[in-house]
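Peer 1: Just so we're aligned, residue 34 is where the sequence shown starts under the working numbering, counting upward by one.
Do not rely on the hints blindly, as some may be mistaken.
Stated by the list, open to error - With a cut-off of at most 27 Å between alpha-carbon atoms, the simulated DSSO-like pairs for lysine-lysine come out as follows:
#	residue 1	residue 2
1	Lys200	Lys681
2	Lys474	Lys588
3	Lys693	Lys652
4	Lys497	Lys588
5	Lys200	Lys164
6	Lys250	Lys579
7	Lys652	Lys200
8	Lys474	Lys497
9	Lys141	Lys127
10	Lys588	Lys560
11	Lys200	Lys170
12	Lys141	Lys171
13	Lys324	Lys382
14	Lys560	Lys595
15	Lys324	Lys164
FYI, nobody ran anything at the bench for these hints, they're computed from the structure.
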Amino acid sequence: MKDVPGKAGKRNIALAIGILFLIAWLGALVVAIKDTFFTPRTIVAKSFAEDLQMSGATTATRYKILDRRHEELAVSFRMNSVYARPLEIADPEKGVAFLAETLELDEKMLLRELRAERSFVWLGRHLPAEKTAGIQKKGLPGVYITNESQRYYPFHQTASHVLGFLKDDHGLAGVESFYDRMLRVTAEDTASSGANQEITGHVVLALDIRVQELLEKQLGLVMSEADAGSAIGLVMRPSNGAILAMSSLPTYDPNLFWDFGAAERRNLAINDLIHIGGFNRLFRLAALYEKESRAGAGEGSPAGSIEALKMSLQGEYQPRSLAEDGVAYFSLESGTLVSGELFWDEEFKLSPAEELQFKEMVGLTGDIKVDLPLVNSVSSTGKEPAGKPPEMYESGLQTTAVNLATAFSRIINDGSPLTPHLATGILGPNSGKTARLRHEKPPGVLSPETGNRIRNFLSGFARKKDDAVFMEAFQVMENPLEKRLAALAASSAARGDVVAGNDGKNSKRSRPERYQTLLLGFAPLEKPDLALLIVLKDAVLDQGRKSPTRVMAEKNMNTFRKLANEEWNPSGQPTDSSAHARAYQEWLRSNKDQKTNSDLISDEEQVRMPDLRGMSLRKALQVIQPLGLTIRVKGSGEVVSQEPGPGKKISKEVCVLELKESRK
34 MKDVPGKAGK RNIALAIGIL FLIAWLGALV VAIKDTFFTP RTIVAKSFAE
84 DLQMSGATTA TRYKILDRRH EELAVSFRMN SVYARPLEIA DPEKGVAFLA
134 ETLELDEKML LRELRAERSF VWLGRHLPAE KTAGIQKKGL PGVYITNESQ
184 RYYPFHQTAS HVLGFLKDDH GLAGVESFYD RMLRVTAEDT ASSGANQEIT
234 GHVVLALDIR VQELLEKQLG LVMSEADAGS AIGLVMRPSN GAILAMSSLP
284 TYDPNLFWDF GAAERRNLAI NDLIHIGGFN RLFRLAALYE KESRAGAGEG
334 SPAGSIEALK MSLQGEYQPR SLAEDGVAYF SLESGTLVSG ELFWDEEFKL
384 SPAEELQFKE MVGLTGDIKV DLPLVNSVSS TGKEPAGKPP EMYESGLQTT
434 AVNLATAFSR IINDGSPLTP HLATGILGPN SGKTARLRHE KPPGVLSPET
484 GNRIRNFLSG FARKKDDAVF MEAFQVMENP LEKRLAALAA SSAARGDVVA
534 GNDGKNSKRS RPERYQTLLL GFAPLEKPDL ALLIVLKDAV LDQGRKSPTR
584 VMAEKNMNTF RKLANEEWNP SGQPTDSSAH ARAYQEWLRS NKDQKTNSDL
634 ISDEEQVRMP DLRGMSLRKA LQVIQPLGLT IRVKGSGEVV SQEPGPGKKI
684 SKEVCVLELK ESRK
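Assemble the whole structure, with the sequences as input and the hints as a guide.
Peer 2: See below:
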């Protein structure tokens, strides 16, 4: 019985040890829960950054976009950013001189930030690997390096609506969106290619950046001269639909897309409708030519020969105003003007059904087939058409600029089938060989005779066979404000009210009419190799002289053709590495001007909140981990709302995430 107290004592000791272990375990659990849901340290920052570094800090995650001469239009870099957690730094003075020298920071300012009672501070953003290598090797406590992929557009605003932009490495507009999957660098790209592997690589466009730059520059000047609200320009090969230039003004810089509104980012060439106005008669004429050609009719023109057309101009139809250079503008009906090339007696009839059928065949109505996504449209496979705006008029009296340029090209070429397109191939990053992209051909094509007769009909307006032919149509644009004021005035007059200062005679005269101006042209006359479209909206038109759009077109058409038809010799191009290095240095200079590459960034207001909606909690925490925010979580599942909201400047140190279970 004497051994009983000894056993009881051992039990008490074991129980005490067990309680201590339980307390320690509960304490660890509380810390883990706190770190997971109430602090940003859900991942050990240093390990996370090191994993990114080991995965290839200098390897781009996205292939390039190139113009037809392999000029780089969009390139990607792996960049490093350095940040610190002051609360983890026991001795701020240790290493501060080294950091200040390496990152080119003010040492006193840096020391003040490292001593601050805060959880996070950026020390440098978007830095080259060689600049951060020493910091990584030094291994300073509380100082971390994270790796980021940066997309850079060397030509900034030029061709921005064609290229689009990225967010979180996903293409959200333009070619970046339509060919998103083809542009992604995947793990399979480094392995041997299999039979079922989807083609990926550098996307080569038909676009010529020299033509694009010239078009945008001249279009901006014309837009300013005509005091227009917006402008569209297209240069297309009428033989195959290749788009050499596409401009939409106003424009934006895809490097800083968040600084621009939806209006600037909207591609007017595919998302907005334009009135075809007087060009409707040109398509009716082509429809009749095609009908006669299919029926085996003769070559006679239903509107008469070009000589008869000239006679009609000398008869009862007189120009509203005739410039000294012989360019005349005629009134077809109230609010509709055309240049002489579109002014003739329409002595033929075409049924509405026949007219609509022809317009659909040439692509004036129906879906937009160009390889670009519409606003609020997602098409990343490269195989789906962009669709059509929901407000598309099936009558063909209104259409998009791309559809109009396509239809116009089809009635002036030699009957060749064409599909408007930007991308021509995928360049293999290792093989250097280009795989041609095949674009869907239209179901119906016109007879060669139709194009010949249209060009012959217009031949009288070209001085030589290698000259260009231009046509213009003008439509008075309705002013919603003036319409509302007129309605209010009419309502007031009906009630017998007196409207001061408005006698109804001079109010309209004081405001110049605003027009949509539309120019279409091609060159040369016999075998066109280039088609041009220019649209101005809300423009002021001086009917007493040649329009600014015609002046610009006549002045630059030969230059457009020379650049577009210039053969490209691959051997004369710089090596891929040197071109890449130049773009890289340009990107660094651009960011240095913005003071974001190596300056101390201590103000959280300079950092914007990423979009976390739709992410799992784990993914969301990984994304916002470097921002130094205290995280509060409501619910479980996927993130459905967040505070601060997406794109908001971070001014608080608390982020609230609301989660709900997915219904998928």
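Peer 1: Run every hint past the structure and note whether it holds.
Peer 2: Hint by hint, here is what the structure shows:
Of the supplied pair hints, the one linking Lys200 and Lys681 holds, its CA atoms being roughly 15 Å apart against a limit of 27 Å. For the hint pairing Lys474 with Lys588, the CA-to-CA distance comes to about 34 Å; that exceeds 27 Å, so the pair is violated. Restraint check: the Cα-Cα separation between Lys693 and Lys652 comes to about 15 Å, which is no more than 27 Å; the hinted pair holds. Of the supplied pair hints, the one linking Lys497 and Lys588 holds, its CA atoms being roughly 16 Å apart against a limit of 27 Å.
Under the criterion of a C-alpha separation no larger than 27 Å, the hint pairing Lys200 with Lys164 is consistent with the structure, at around 26 Å. Restraint check: the Cα-Cα separation between Lys250 and Lys579 comes to about 20 Å, which is no more than 27 Å; the hinted pair holds. At most 27 Å may separate the alpha-carbon atoms for a hinted pair to count; Lys652 and Lys200 meet this at roughly 16 Å. With a C-alpha separation of about 33 Å, the suggested pairing of Lys474 with Lys497 is violated against the 27 Å cut-off.
For the hint linking Lys141 to Lys127, the alpha-carbon distance of about 13 Å falls within 27 Å, and the restraint holds. A threshold of 27 Å between alpha carbons decides the hint, and for Lys588 with Lys560 the separation of about 20 Å falls inside it, so the pair holds. Only pairs whose Cα atoms come within 27 Å are accepted, and Lys200 paired with Lys170 is rejected, the gap being roughly 31 Å. Of the supplied pair hints, the one linking Lys141 and Lys171 holds, its CA atoms being roughly 21 Å apart against a limit of 27 Å.
Of the pairs offered as hints, the one joining Lys324 and Lys382 holds, with about 12 Å between alpha carbons and a cut-off of 27 Å not exceeded. Using a Cα cut-off of 27 Å, the hinted pair Lys560 and Lys595 holds, with the two alpha carbons roughly 15 Å apart. A distance of roughly 70 Å separates the Cα atoms of Lys324 and Lys164; the hinted pair therefore is violated under the 27 Å criterion.
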